[in-house]
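2 protein chains.
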Amino acid sequence: MSSLDTNPATFCTGDADSSFQPLNADDVRSYLHTSVDFICDYYKSVESLPVLPSVEPGYLRRLLQPAPPTCSAPFNVTMKELREAVVPGMTHWASPNFFAFFPSTNSAAGIAGELIASAINSVGFTWQASPAATEMEVLALDWLAQLLRLPPSFMNRTGAAGRGTGGGVILGTTSEAMLVTLVAARDAALRRIGSDGMAGITRLTVYAADQTHSTFFKACRLAGFDPANVRSIPTREEKDFALEPERLLEAMEADAAAGLVPAYVCCTVGTTSSNAVDPVGAVADVAAGFKAWVHIDAAYAGSACICPEFRHHIDGVERVDSISMSPHKWLMTCLDCTCLWVRDSLRLTGSLETTPEYLKNDVSDSGIVTDLKDMQVGTGRRFRGLKLWMVMRTYGAAKLQEHIRSDVAMAKMLEGLVRADDRFEVVVPRNFALVCFRIKPHGGAMAEDEAEEANRELMERLNKTGKAYLAHTVIGRKFVLRFAVGSSTQEERHVRSAWELIQKTTTEMMMEATEKLIM
Amino acid sequence: MSSLDTNPATFCTGDADSSFQPLNADDVRSYLHTSVDFICDYYKSVESLPVLPSVEPGYLRRLLQPAPPTCSAPFNVTMKELREAVVPGMTHWASPNFFAFFPSTNSAAGIAGELIASAINSVGFTWQASPAATEMEVLALDWLAQLLRLPPSFMNRTGAAGRGTGGGVILGTTSEAMLVTLVAARDAALRRIGSDGMAGITRLTVYAADQTHSTFFKACRLAGFDPANVRSIPTREEKDFALEPERLLEAMEADAAAGLVPAYVCCTVGTTSSNAVDPVGAVADVAAGFKAWVHIDAAYAGSACICPEFRHHIDGVERVDSISMSPHKWLMTCLDCTCLWVRDSLRLTGSLETTPEYLKNDVSDSGIVTDLKDMQVGTGRRFRGLKLWMVMRTYGAAKLQEHIRSDVAMAKMLEGLVRADDRFEVVVPRNFALVCFRIKPHGGAMAEDEAEEANRELMERLNKTGKAYLAHTVIGRKFVLRFAVGSSTQEERHVRSAWELIQKTTTEMMMEATEKLIM
Chain A
1 MSSLDTNPAT
11 FCTGDADSSF
21 QPLNADDVRS
31 YLHTSVDFIC
41 DYYKSVESLP
51 VLPSVEPGYL
61 RRLLQPAPPT
71 CSAPFNVTMK
81 ELREAVVPGM
91 THWASPNFFA
101 FFPSTNSAAG
111 IAGELIASAI
121 NSVGFTWQAS
131 PAATEMEVLA
141 LDWLAQLLRL
151 PPSFMNRTGA
161 AGRGTGGGVI
171 LGTTSEAMLV
181 TLVAARDAAL
191 RRIGSDGMAG
201 ITRLTVYAAD
211 QTHSTFFKAC
221 RLAGFDPANV
231 RSIPTREEKD
241 FALEPERLLE
251 AMEADAAAGL
261 VPAYVCCTVG
271 TTSSNAVDPV
281 GAVADVAAGF
291 KAWVHIDAAY
301 AGSACICPEF
311 RHHIDGVERV
321 DSISMSPHKW
331 LMTCLDCTCL
341 WVRDSLRLTG
351 SLETTPEYLK
361 NDVSDSGIVT
371 DLKDMQVGTG
381 RRFRGLKLWM
391 VMRTYGAAKL
401 QEHIRSDVAM
411 AKMLEGLVRA
421 DDRFEVVVPR
431 NFALVCFRIK
441 PHGGAMAEDE
451 AEEANRELME
461 RLNKTGKAYL
471 AHTVIGRKFV
481 LRFAVGSSTQ
491 EERHVRSAWE
501 LIQKTTTEMM
511 MEATEKLIM
Chain B
1 MSSLDTNPAT
11 FCTGDADSSF
21 QPLNADDVRS
31 YLHTSVDFIC
41 DYYKSVESLP
51 VLPSVEPGYL
61 RRLLQPAPPT
71 CSAPFNVTMK
81 ELREAVVPGM
91 THWASPNFFA
101 FFPSTNSAAG
111 IAGELIASAI
121 NSVGFTWQAS
131 PAATEMEVLA
141 LDWLAQLLRL
151 PPSFMNRTGA
161 AGRGTGGGVI
171 LGTTSEAMLV
181 TLVAARDAAL
191 RRIGSDGMAG
201 ITRLTVYAAD
211 QTHSTFFKAC
221 RLAGFDPANV
231 RSIPTREEKD
241 FALEPERLLE
251 AMEADAAAGL
261 VPAYVCCTVG
271 TTSSNAVDPV
281 GAVADVAAGF
291 KAWVHIDAAY
301 AGSACICPEF
311 RHHIDGVERV
321 DSISMSPHKW
331 LMTCLDCTCL
341 WVRDSLRLTG
351 SLETTPEYLK
361 NDVSDSGIVT
371 DLKDMQVGTG
381 RRFRGLKLWM
391 VMRTYGAAKL
401 QEHIRSDVAM
411 AKMLEGLVRA
421 DDRFEVVVPR
431 NFALVCFRIK
441 PHGGAMAEDE
451 AEEANRELME
461 RLNKTGKAYL
471 AHTVIGRKFV
481 LRFAVGSSTQ
491 EERHVRSAWE
501 LIQKTTTEMM
511 MEATEKLIM
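Those protein sequence lines, which keep their order, are chains A and B.
So the first sequence is residues 1 to 519, counted in my numbering.
So the second sequence is residues 1 to 519, counted in my numbering.
Treat the hints as calculated values from the structure; they're not laboratory data.
Be aware that one or more of the hints could be misleading.
Because identical chains cannot be distinguished in the list, a pair is counted as satisfied if it fits within a single copy or across any two copies.
Derived pair list, reagent style DSSO-like, types lysine-lysine, alpha-carbon separation capped at 30 Å [claimed, not checked]:
id, residue 1, residue 2
1, Lys440, Lys516
2, Lys360, Lys467
3, Lys44, Lys504
Starting from the given sequences, assemble the full structure and let the hints guide the process.
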């Protein structure tokens, strides 16, 4: 470190010759072409790499320098370390053998959009700070809203009747969409009860099914809701683990009767655990009686709703206050890209607007443009609209639908394979491209209480092979394997191979168990 | 839209031939090479493009299709629309004539890192979900912490004495860093006063100088602090608009005496408005008396602290609770990349941890790894560590320091030019690479109350030329022009040209004013 205390440039050979130009044309071209070659090689080889690496915690620090270098290095040195130290420690989300989580789907057009945005590197906090970035984001959101057949009330479009009150914004994660809508709903509820500042916050209550993503409960904490007022409504197997409107109503009525103020309901379309679908319309109807904000979290399954045959899952959306979904999950738009639409953007900006002097400008003052900083957590923002538009512009709606349908068809095929092997059972109905299954307990050799152990063992053995990566969940007290179809390089043969591996491993496990019994 | 109701693929010629492969090797290579060519052309031409475009609100929707296409298009069509519709509406942050906001500096290595990360597209919410992504982020943060000479208590490094309690995380914006630390401080203060849930939240108070970024006050709102309890401490010109410890102490003492609970102080090193520097050590000493959390926001100027001659600006950092800075601002790492370090990561994870069943795994259970989801707002996260590491690995500390010094030298040169022209004045001391100046009011032709109008007029005329883009601020009731040096393509000649344009425009304005007087 002491060498950094003086000007260390004098110690670096080759560095002192010319002034440093970080965007030197030759470097930009050569570093990026080298990176493109790396990416093509990576995609070509990723199928053969272990999906889940076998590295130990701390492995990277042992391979790379623990301190930052003083002198510059040729880019190839950086790339060599990337290949030799980083890649072997990756969990390969791009692998066709990745089935653990909802895939982060990707595409050539999506990556190209991200690349160009990162080179342009504009910060579109206000319209003026980057008109094209703001307008592109708004346009991409309106396009996607049309694919989803969202009601016009959610769109930025100016119709014959003038600008609507709806609006959208691209955020980084669903959690942010939840947080900003929770805050808007919180402030609206506080105004409604005439709260002096935050004094009334401990009276506000929020609701979601117990299958709702954990990040919702975290967002409630962040927004200052009282942990005791966050209701996790129990779901049941016989209702496919969806939120039951009757139970929601009961909970809201009980709270209202106790003098509390129902402020927000989160309604999930395609839960992470098992792809359960809360009934949007019925939930909206219940919430309306309490003037509570209803948000639809369709992070994963929202993408499927661009196909008419899946659109019914968000029927009733015209009666909710906001909806979010993440094209970075299932619409081939690389991380990060979460789209949030709200029916009344003024309630959002009312809670999130900030206008420091240095951001003031005539166009913003006029009120005819959207300053997207006022619909998000922070001020700075990336040019995320570009990649989303490039994906839709390049592939078109038909191919996007084909992509969804192909994934669902593969999942359906897998579901059939599981059902055809009577050692296994599909645990919940398959709605999209996630199959939740397990080794079935049966009266004889394997009782219910041994099933968890067997399924856990199966998952661990599978994941250790490096040839497949599955995750688990616990639903209705059952330990279940999650097989999420759809990584961008996946084909039917990968799903079939993984299933064969599951069958083979299960057979081995059962033979070992039988041998143990005999011995 | 109706065509989307049936399977529209049959209507698209050329689309039906083969199954859709979004990461088809040929497409990946050709789309990305096309994008690299676009980027190289863009950088070559950006100097000649108007920095601030002259487009009208709604221009993009008029140029592009209002509805998403059904059929796919050759990638060149997408690129053509990008060139012809999007680029002309950009505010060019990459232009060497951009001086309006703190630049979003960039580099070939940074873009390469972002590109590769977006192709790998892993989601490192837990260590297991992508060991290399987590370990690379932690390593990059520790490297940067060493360049900043942060105390070891902020680092993830395991020393002879075992793992410390410190830790870091890369977030999207400073606002997120503020929000998560505010929430941790809020919860710690509530525990301290034995609050039942959020009942005590209206007793908590937070503090920052009136020059603090507006996003801090927004973050306080998001975290549920009572607006009435957010103290904006007035600053004064004679103290260079820095937070005065005596005034902070006064405010905290008054609140404590009134039964309120000081919970958090935000201390800025390099304010957005004028680059004021709050005295870190003295602020920490005041806050310690109240057990309040102290956060340093060094979003912009933190990068300069990798040079020994600027490091004193964060002296006292060993006594604060957290510090954040954004390499996407001044360390050539494209958006987004905000580094947050905390001294006690357990206080952060205590407020932000969530562990749903499907993310449980043996390594996380063991407690020996960091699951970075527990130090941020959401769950999903990009592989941001890669680009930050690639920038440091490729360029080395010496070149990063050279880059900072070169920008500061250009700003110093500009400061000299401003001082040499007695029509102008430098309004606040220049600390880094931001020069705040204005046309000076003087007893005769221009009184103080006319200066604002003249400076506003100067800014508008300059920005309309397309040859320079400056922003303004109001500080100490003065309307001031902000000239931020340092966009990545900038050289001394651009700063000189902009200054000549400023002088020429001012001369024209003064001649016009004189002519009016004569007529």
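Outcome of the hint check:
Taking identical chains as interchangeable, the C-alpha atoms of Lys440 and Lys516 lie at most 30 Å apart only when both belong to the same chain, with a minimum of 20 Å there against 92 Å between chains. Proximity of Lys360 to Lys467 under the C-alpha cut-off of 30 Å is restricted to the inter-copy arrangement: shortest distance 21 Å between copies versus 55 Å within a copy. When the C-alpha separation of Lys44 and Lys504 is checked against a cutoff of 30 Å, the pair qualifies only within one copy, where the shortest distance is 27 Å, while the shortest distance between copies is 58 Å.
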